[in-house]
Structures are given as structure tokens and as C-alpha cells.
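There are 4 protein chains.
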Amino acid sequence: MIGLCLASIRQKLYQQLSVTAYPEEGLSPLNKLVAVIIVASIVIVTLATEPTIYEPWKDQIIAADITIGILFAIEYILRLWVAGEDPEYKGLIGRIKYAFTLRALLDLLAVLPFFLGFVGGDIFLLRLFRLVRIYTLAKLGDFSIAMKHIKDAVKERYMELFLAFMLAMVVLLISSTVMFLVEGPVQPDKFGSIPRAMWWGIATLTTIGYGDIYPQSALGKFCCSITCLAAIGLIAMPTGIMAAAFSDAFQRHKKTIQDRHHH
Amino acid sequence: MIGLCLASIRQKLYQQLSVTAYPEEGLSPLNKLVAVIIVASIVIVTLATEPTIYEPWKDQIIAADITIGILFAIEYILRLWVAGEDPEYKGLIGRIKYAFTLRALLDLLAVLPFFLGFVGGDIFLLRLFRLVRIYTLAKLGDFSIAMKHIKDAVKERYMELFLAFMLAMVVLLISSTVMFLVEGPVQPDKFGSIPRAMWWGIATLTTIGYGDIYPQSALGKFCCSITCLAAIGLIAMPTGIMAAAFSDAFQRHKKTIQDRHHH
Amino acid sequence: MIGLCLASIRQKLYQQLSVTAYPEEGLSPLNKLVAVIIVASIVIVTLATEPTIYEPWKDQIIAADITIGILFAIEYILRLWVAGEDPEYKGLIGRIKYAFTLRALLDLLAVLPFFLGFVGGDIFLLRLFRLVRIYTLAKLGDFSIAMKHIKDAVKERYMELFLAFMLAMVVLLISSTVMFLVEGPVQPDKFGSIPRAMWWGIATLTTIGYGDIYPQSALGKFCCSITCLAAIGLIAMPTGIMAAAFSDAFQRHKKTIQDRHHH
Amino acid sequence: MIGLCLASIRQKLYQQLSVTAYPEEGLSPLNKLVAVIIVASIVIVTLATEPTIYEPWKDQIIAADITIGILFAIEYILRLWVAGEDPEYKGLIGRIKYAFTLRALLDLLAVLPFFLGFVGGDIFLLRLFRLVRIYTLAKLGDFSIAMKHIKDAVKERYMELFLAFMLAMVVLLISSTVMFLVEGPVQPDKFGSIPRAMWWGIATLTTIGYGDIYPQSALGKFCCSITCLAAIGLIAMPTGIMAAAFSDAFQRHKKTIQDRHHH
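Chains as they are written, first to last, in this note's numbering: chain A, 2 to 264; chain B, 2 to 264; chain C, 2 to 264; chain D, 2 to 264.
Just chain A, same shape as in the assembly (with noise of 0.2 angstroms):
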């Protein structure tokens, strides 16, 4: 009789718990809850870092750290538990399956951090690789053909992009070894070698310009203002690569809709 309600309470469980069992669209109540708490969970390690807001509100943020570990270490444990509705993973030898597998490591990992290190120390920011498990519940309907389509463009022009890099990266050592040639003797402590010039040509060519090194002779200028007129470019033909590999990711989905219509 209860192991007849347990096993009502499993199949339940597992219909929230797993993302593809789900039978209704989007994602489970229980699931949100989840998305929910790791995003809490990221917010207060972030916040924590920060003296002015961790020693007013230090006993609330260990309680809300504590909590959210032991919610963590009941999921894993309710997850290891639902997992013997699958078939794949029946049994004890079917759970162990289960944790070998990625998306079970990576919710060990997500509770581990609270058992290896509290509140303070750097152990403590590994809590932040509990973001990971965000990327295990967004595998749902419109979001994954969105993901799909944002791979497909990358991938599809991996090598035009790669080739503006490098490209970026030859532009980034003539500036910055002609800066160094031109600005060095002027400003030795900020383009007095070719790393430290390309901490100025990062910096522009990126078009940041935090405005820490900039050169001050008349040449340096010049060349300077060449870099600058290049750095558009350099942002254009990425740019420029992704508009068209998205352009092409889409029309590719699109054309798959129709000819699934029309078969």
C-alpha cells in the first residue's frame, strides 16, 4: 500500500523533476522553483563578496546559503531517487548509472561547495559554478531553437570569424609594435615595450579607450587615429559575419518548416 503510494509520488516527482517528462509545455512549477533558487543562490555569492552589504547582513546571508545548500543536497537526493522511473536507470545498478552521468555530476557539483567551504574564502565561489545546472533545465521548445540557431551561425562561420581574429590579432601586434617604436621614447612607463603597447591597442582597437595610456607625441597620434579608423573595421567584419550566418540559420530553419509541411 505505501510502496503503491511512493511509487505514485515517484512517477509525480519525475514528471516535475525531468525536463523532458513533463507533459505539458515549458517548464515544471517545480523546476522554475529550481531555475529560481540558482539564480538566488548565484545573486547571494555574488553579493557576499561585497564587505559593505556582507557585514550588516552577514547571519541572513549564511542562513540563505545554509538553506539553499540543504535544498540543493534533498533535490540531488529526490533526483537520484525519480530516476529509477526511467528505465535506463532502474535498480541500485541503474542510480549509480544514473550518477555517473553528466547532468547528475553537475548537480553533485551544485551541492558539494557547501560541504567543502562556508560563507568567505575563495572555496566559497565555487557555489558559482551552480549556474551550469541553468544550462540543464533550458532545454525547452523555443529557447533550444533559439540556442540551436545561435550554434548553427557560430559554427557555420567558425572560420570567418576565427580569420578575423586573427586578423584582429596581426592588426594588434603592427599597431602596437609601431606605437612602441613611435610613443615608447615619449611615454617609456606606458608604450616603453610591445606587451605594454598592446595593452593600449586592446583597448583601442576594442574601441574601450579607458583612457589610462593614450599617446601624447604628434606622430603617436597620428598613428594612433589609424589604429582607431581600423578598429571599425575589425568590429564591422565580425559583425558582419554574424549578420550573415544568422540571416542564412534562420532561412535554413525556415525552409525545414516548410518542407516538413509539405512532406
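Just so you know, these hints were derived from the structure itself, not from any lab.
Source: prediction; values computed, not measured.
Don't take every hint at face value.
Each pair may be met inside one copy or between any two copies, as identical chains are not told apart.
[Said to hold, decoys possible] Straight-line distance between alpha carbons at most 20 angstroms, and here's what the computed DMTMM-like set of lysine to aspartate or glutamate pairs gives:
(1) LYS255 to ASP153
(2) LYS255 to GLU157
(3) LYS222 to ASP190
(4) LYS191 to GLU56
(5) LYS222 to GLU51
(6) LYS13 to GLU76
(7) LYS149 to ASP260
(8) LYS222 to GLU157
(9) LYS13 to GLU89
(10) LYS255 to ASP143
(11) LYS33 to ASP143
(12) LYS59 to ASP87
(13) LYS191 to ASP213
Please build the complex by placing chains B, C and D on the supplied structure of chain A, with the hints as guidance.
Quick look at chains B, C and D alone, frame taken from chain A:
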């Protein structure tokens, strides 16, 4: 006789005030004037917050504010009156019904701040909500087609844009955590916590680079350089998605027009 | 005899000076020279404003300025003379008619600044208008096709670009108002009014980030971060529209060529 | 007997050293090693310019430099020797002919700097030219298709990109002249001449914004804001052109493959 005259005025005014009832293309002269007054109102409110402008022009600004307030009040009453031209809003009950439409409530919102608070103080800023009224005047011809294009493009690729945003957030979290670990001990006031490092991360990944916060150690600069390069990808992704989405939206619109011509 | 010789010279000069009458492809050697002199003139005017360049090179700059002024005067007279080759501008009345064409007026504008003011002073800068003449030389072959592409792309999607601009302005107004309220009390000299906060808003939304003005309070940094992320969208939108518009313009052009080949 | 053995070694070495003769896909193991040594050489030269790295690692850097120099010399001699496998470069005269090919000259250029100058001094930087050799190894499979895509896209739309660049230059000239007139009297050391204002213009129009130079007067900030907005357009234009060009290049390539399959 006066009733007939009034009815004629009401009809003509209705054509002038209603965006859809105006027989010719574009906005009616009266609605153009309303649009100009709305913009003028926003500009005046904005400038009035600047002491170096407000002090010498105090009297003129208050006068303009009162004038605009009265004009909007008159306009609101007129709109309420001419609403009866529309069979749906006929009679007193129709007017009350009209007064509770989103449009009429927005118009009322444009009048209210004038009575709630005079120049100066934060309530004064509520006048900025008048800008929303521009939107109610904007649903016209080419403008609404362009609006549809942008809406369609964003809506169609909402999921891809959301994923690109999520990816950016993950890169932000990772790079900020790395910089907190690497640069935190060197500049504890700037990189001493993940939220602090995130302020650097946002300025870097969006390529803004205010320059108030940047790494000083060699290892920090190296990690920052990798983040800078990632920034290009994070900007290229949404731009590429938007480009492909607009390309799609324009072609769909073109096809719709062609189909209409064929039938 | 001399008349015949003059007529022959005039004809040859006409072919050299007129952009459309030149029988071969590209610009005629004389017009290439004119283009070089225009660019040289701009460069000299620009450099002459820099005291560290002007002082040591004063004599040479004045000499170059006079030479270029005389060359442009000669060119203007020659253009007036050879205009008679075109049946439309024959005879004295034709020449007067020619002198009032936009082209001839632009050429005159290139000569006048030389007589109006010598080196130094703001009138001197009128010489920069000579740049406009480049445009009259530029309507040629591939160049004019490329110009048509850009014009078409911008024109076709003018409304979408305008809407994207309007959206950017609304985001600028909102973010500046929020920062004025949040950061104003902390940094009254920098965020103490909406126009001042707009200076921050422009530098942030265009991702320039000079770094002279940025929030210092935690809440201000949070609001700023959201604006930074919005900036990516505001840049992605016009870029995406342009990409789709260019894609359209290129394909339309290709189709036009194909249709021409079919008939 | 030894001759036969040597011939066999020469043939195997030829397959390893020649990019096109290698029977399998991708680079041969030996050429991969050469590529790694080239990159290592660049990294070492770059790091050697940094005193804080050079001083403690002096002996190791010099040792690595000599080793790489000797390796490149050996590689050059081997390439000269195995060139005879190619019928075109058989015998002594063939080898001399080979030595004057672009490829062989580049290889020689990679060896020479080692003999011209030792570590330290500007001649030392000539070693950076070794990077060019990477290009001679890079003409392979997917890589060369991607390279063709980028080349095609840029070449096809060269004129549009050039026009976009010209437009940017005109906007730079106009905005710099305006800022020179408006902001020059306020900050003569920063905006006191058009070339100085151009340094601001470049940093602004490329959205880099180092922050060493920005307007301080209200009118200057207003003019600067307009330039900032123009910057978005100037970046959107080349990016849009590139996106459309890549879209074209990818589709052309796809069509070529389809046509090949049909025939």
C-alpha cells in the same frame, strides 16, 4: 442655428483632432501643433532643472509652463467634446466611456502634473510623461509601417536576443569573478568584490570604458584583454541577430505587398 | 587660323575639364590634378590653424595658399571659357547662364575665400568649402553606383532609422532623468540637472564613455549599468537596419542588371 | 645506395614541407611544428622588449632566439634541397630559380634578422616579419574558403566601404572645424587648431573616447553630442555594408557548390 453651427465646428474639429478621421495623409495641422507643444513642454521641463538656465529665465519658464498647462487642459476638454462624433462615444455616458480609454487617460495625465506641482521639485518632472502622448499621435502611414518592422524584427527574434543577453550576463559574471580574484588584492577599493568588479565588467563588455576602473597588474591586464575581445563578440551577436531579423521583416513586408497586388 | 587653333584647344580642354565629356573611363588627368589640389588645399588650411605648424612654415603656407587661389581662379575662367562647347551654354548669354549653375557657383565659392580673407582669422576657414567641389568630380562609374547604393539604402529605410533615433532619444531622456534623480544629490556639479545628466547619457548610449562623468553611488552605478546594456540595443538597431537595407539595395541592383541582360 | 636512400628521404621530406604535396588533409606534422615555432618566435620577440621580462630571463631569451634562428636556417636549407622534387625547380639552376620565388624570399627574410642583429635594438624587431610566413602555410581547405569569403566580401563592396570612409572623413573635418571654432577659445591647448580637434574627432567618431580631450563649454558639449550621434551612423554604415557583402559572398559560394552538384 447655433446648434447646427456648433455641430459643424465639432465635426471639423474632430477631423483635426482625431488621428484616424483626418481625411488627408499625414497629421492634421492641429495635431502637428499639439506634437510641437508636447516636445516644447519636454524641452522646457528638461531645461528648467538646470540652475544656470532656470535662474535667469525663471519668469519665462513659469509663464511657458502655465501656458502649456492651460493649452493641454483646453485640448483635453475639446477632445472630450468632439469624441461624440464617434458613434461609440455619443452622449454623456459615451463621454465617460471615452474618458476611461487609455488615450484619454494619457491626455489627462498630461494635464494633471500642472495642477499637482509647480516648477521645481520632483513632482514637476511628472510633466515628462507628456512624451507618451507623442505615441498616440504617431500611428500613421510610413511611420506605422516602420514601427511594425521594428516590432516584428524584435518580436520574431526575441528568444535569440534574450539568449544573447543571457550569454552576456554569464560572461559578465565569469569575467567579474576572475578580475575579483586576480585584481582584487591589488585594488581592493575597485575590484574588492564581485559587484565592484561587475561595474568594471559592464563598462568593458559594452565597450564604454569610462576609465575610472581598470586593472593595473600584468595578469589583470591580460584577463581584461580577453574580456575586451569577448566584448566584440557580445556586441556582434545582437547586432547580427537584429540585422537578420530586419532583413526578414522587410522581405516579409515586400512579399505581403506583392501578394496583395497579385490578388 | 588662331581662332581654329583656339577652338581645337577649347575642345580638348573641354574633354579634360568636363566629367561627362571625357571619352575614356575614370577621371581625366586634369580633373585628377584638380581633385589633388582641392585635397591639398584642405590639408593646408587645416594645418595652418595649428600654431606649432603655422609659425615655422608661415611663408610656405601663404605661398601655397596664394598659388592654390590663383590656380582655382585660372581653372574657373577656363571652365567658363570651355563651357561654350556645350550647346546649352554657347555665347555670352550661355556663359552667364552657366555661371549661375550650381556647379559654377560652387567653383566660384572655391575662388572667393582667397579674395575675402588671407591666412588667419575665421574667414580663412571658408576655404574648407572647397571640399564640396570634390563631389562635383565624383559622379563616375563604380563610384556613382556605390553612392546610389548608400543613398538607396538610407532613403528606403529612412523611417526605420528615424524611429530608431527617436527611440534612442526617449531612452536618453528617461535614463538622464533617472540619473538626475539618483546621482544628482551625490554629484550636483555633474548630474545636478537633466541637461547635465544628458551629457553623461550621450557619452554612455553611444558607448564613447569619455570618463569625465560617471556615477559614484551604488544605485547610480546600477542604473548606469542598465543604460549601458540599453546602449548595445540602440547601436544594434540602426546597424541591423542598415545591414538589411544594404542587402536589399545590392540585390535590387543585381536584379536590375540581370533584367537588362535578359531583354 | 646512399643516393637512393637520400632520394627517398628527400621525397618524404618534400611531402612534409610542401603545403600542397602533403597527401592527407590539413597541415603536415612538420609544417604544424614550423607554424608553432613561428608563433613562438613572435611571442619571444614581443616579450623580449619588456624590460621586466627581459632582465630576469635574458639568458633563456637569447638561447631561444639562437635556437629558433638555427632552426629557421636549417629549414631554409632543407626547403632549398627538397625543392628539386618539383620538376620546375630541378638542378642547380632550378634551385636558384626557387630561391627567388616570393615564398623562398619570405623564408630567407625569416632567417636573416638573426644574422643582422642580436637581441635588443630596433633591428631585432625585424624578426616580427616572420609572421608573414604563417600566411604561406595557411592556404588550406576550409581556411582558404573562409579567406576567399572575406576577400570577396571586401572586394565586391570596396567602393561602398571607401565611400563610407570618405563620408566619415568629411564628418570628421566638419565636426573638428566646428569644435575648433566653438571650444578652441575655451581650451586652446586641446581644441586650439583643427588638427588638435581632429584628435578629439577621431576618438569620438570611433566611439573610443579616451577621455583626455572633451568639450567643457555648454555649446561645445552640444556640438559634441551631435557628433556622438553621427558616430553611431558612421559605425553602422560599414558594418551594414560588410553584413550585406558577407551575406552575398556566402550565398554565391553556396550556389557554386549546388551548380557543381547538378552538373
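Going down the list of hints, with the structure as the test:
no. : hint             : verdict
1   : LYS255 to ASP153 : both (14 angstroms within a copy, 16 angstroms between copies)
2   : LYS255 to GLU157 : both (17 angstroms within a copy, 12 angstroms between copies)
3   : LYS222 to ASP190 : both (17 angstroms within a copy, 15 angstroms between copies)
4   : LYS191 to GLU56  : between (39 angstroms within a copy, 18 angstroms between copies)
5   : LYS222 to GLU51  : between (40 angstroms within a copy, 15 angstroms between copies)
6   : LYS13 to GLU76   : within (15 angstroms within a copy, 61 angstroms between copies)
7   : LYS149 to ASP260 : within (18 angstroms within a copy, 28 angstroms between copies)
8   : LYS222 to GLU157 : neither (39 angstroms within a copy, 32 angstroms between copies)
9   : LYS13 to GLU89   : within (18 angstroms within a copy, 52 angstroms between copies)
10  : LYS255 to ASP143 : within (14 angstroms within a copy, 26 angstroms between copies)
11  : LYS33 to ASP143  : within (16 angstroms within a copy, 42 angstroms between copies)
12  : LYS59 to ASP87   : neither (42 angstroms within a copy, 63 angstroms between copies)
13  : LYS191 to ASP213 : both (9 angstroms within a copy, 15 angstroms between copies)
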